[in-house]
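Chains as they are written, first to last, in our numbering: chain A, 1 to 292; chain B, 1 to 91.
Calculated directly from the structure, the hints in this document are not laboratory data. Take the hints with a grain of salt, since some may be wrong.
Distance ranges between label pairs, derived from CB positions [as the list claims (entries may be wrong)]:
1) Ile36/B <-> Met11/A: 22 to 30 Å
2) Gly30/B <-> Thr107/A: 33 to 41 Å
3) Gln91/B <-> Arg272/A: 30 to 38 Å
4) Met1/B <-> Gly110/A: 47 to 55 Å
5) Ile36/B <-> Phe52/A: 46 to 54 Å
6) Lys136/A <-> Lys5/B: 25 to 33 Å
7) Lys5/B <-> Glu55/A: 34 to 42 Å
All C-beta atoms, glycine included, are put in the ideal place defined by N, C-alpha and C.
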Amino acid sequence: MMFVPGNSPKMINNAEIYGADTLMFDVEDSIAISQKDAARMMVKYALKYLPFNCETAVRVNHVTQTPFGMDDLKAILPSKPDLIRLPKTESVDEVRLVTNLIEKVETKEGFPEGSINIICAIESVRGLYEARAIAKEKRVVAIALGGEDFIADLRTQRTAHGIELYYARSQILMAARDANIQAMDTVFADVYNLEGFRKEVTDSKDMGFDGKSVIHPLQIGIVHEIYTPTEQQITHSVKVLASYKDAIANNRGVITVDGKMIDGPIVVRAERIVAQAKAAGVWIQEEFNHEE
Amino acid sequence: MQTIKKIATVGFEETNDALVTVSPQKAGQGITVELISTVKRQYGEHLELIIIDAVKQADYTDVHVEVRDRGAWDYALHARIVTALSRGAEQ
């Protein structure tokens with residue numbers, strides 16, 4: 001998920017070529033107050049005119065704490081982005097305000113219901129305490145950590161080991177899993193520190209996050225590399241699922257693969273690895289699909 | 001049909017962007033365009049059409065539009081025009 005400043009047509013024009021899964025057009029923090037109207041229109045018409053092949057999202061201004069958020073939504077929703085990212089989310093009321101507007105626009109424009117969904121960024125302690133409820137709101141498909149604002153709220157600073165965000169990451173992840181939605185990790189601002197970035201992506205993936213927000217094309221390849229399962233993982237998972245399918249077909253209870261017993265959670269993990277591999281564009285023969 | 005109240009500017013003279021200035025005109029003068037573009041020889045007519053269409057779609061008249069274009073794509077030019085008109089319409 002790559003952030004693209006919404007008032008820069010040069011960056012918007014080139015944004016898709018770097019292969020991000022989602023382009024997040026920003027009309028919030030990267031835009032000066034005097035340019036909010038210009039960025040709003042730039043994103044509106046970019047979404048309307050340009051045939052993006054990836055998922056599109058727009059980070060709007062806060063809908064109740066700024067005078068810009070609702071105007072952003074009114075202008076941009078008719079251009080049908082896939083996602084609206086709400087910054088600094090602190091209550092379900094904010095989400096409901098946006099959900100109601102999305103529903104009205106979908107009806108008015110004749111979009112299929114559910115065309116536009118929401119990703120909520122948790123960027124404050126208050127927001128973190130509400131994360132569980134926020135994550136369960138209608139149309140919320142992901143919650144994300146907004147690390148820089150969160151750290152400011154905590155009155156600390158970013159460190160290489162990341163202890164300052166450990167609790168927030170854990171809580172956001174739990175809230176996402178509890179609501180059965182995705183969890184996205186925060187950006188890594190030190191753009192040219194690629195080793196530091198690699199470590200942070202590895203750590204957050206190991207925690208269980210589903211993806212990472214990026215602010216520079218240089219970071220995209222690393223995220224894809226870390227989130228794409230290895231050949232060894234894919235081969236093993238395919239073997240597990242094929243054995244499981246065979247066991248079901250032959251009414252066998254306990255099965256083993258490579259000398260290890262296979263039970264429910266291992267099958268679920270294998271399914272997840274295969275799904276991740278497919279999402280990353282890895283071709284897998286579907287002979288193990290036990291639902292066929 | 002709406003008219004603007006004041007001169008307004010938006011955009012930047014940067015690659016793929018355009019600096020757009022709109023100025024109010026006397027009633028009945030309609031829409032006039034002054035285009036300065038690095039790609040005027042190749043795309044001048046197309047850009048003028050985009051500009052006039054954007055003004056008409058936004059339902060404005062009696063406005064002079066000056067565009068200093070540096071290779072803005074259609075969407076970017078449309079966005080700049082609409083924003084300039086909106087700024088010009090503010091009291």
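Going down the list of hints, with the structure as the test:
A C-beta distance of roughly 24 Å is found between Ile36/B and Met11/A, which places it inside the suggested range of 22 to 30 Å. Distance hint for Gly30/B and Thr107/A: a CB-CB separation of about 37 Å, consistent with the stated range 33 to 41 Å. The hinted range of 30 to 38 Å is not satisfied by Gln91/B and Arg272/A, whose Cβ atoms lie roughly 57 Å apart. A hinted range of 47 to 55 Å is violated for the C-beta pair Met1/B and Gly110/A, which are about 28 Å apart.
Checked against the hint of 46 to 54 Å, the pair Ile36/B and Phe52/A fails, with Cβ atoms roughly 30 Å apart. Between Lys136/A and Lys5/B the C-beta distance comes to about 47 Å, which lies outside the given range of 25 to 33 Å. Checking the proposed 34 to 42 Å range against Lys5/B and Glu55/A shows it holds: the Cβ atoms sit about 40 Å from each other.
Consistency with the previously given hints fails for numbers 3, 4, 5 and 6, ordered from lowest to highest.
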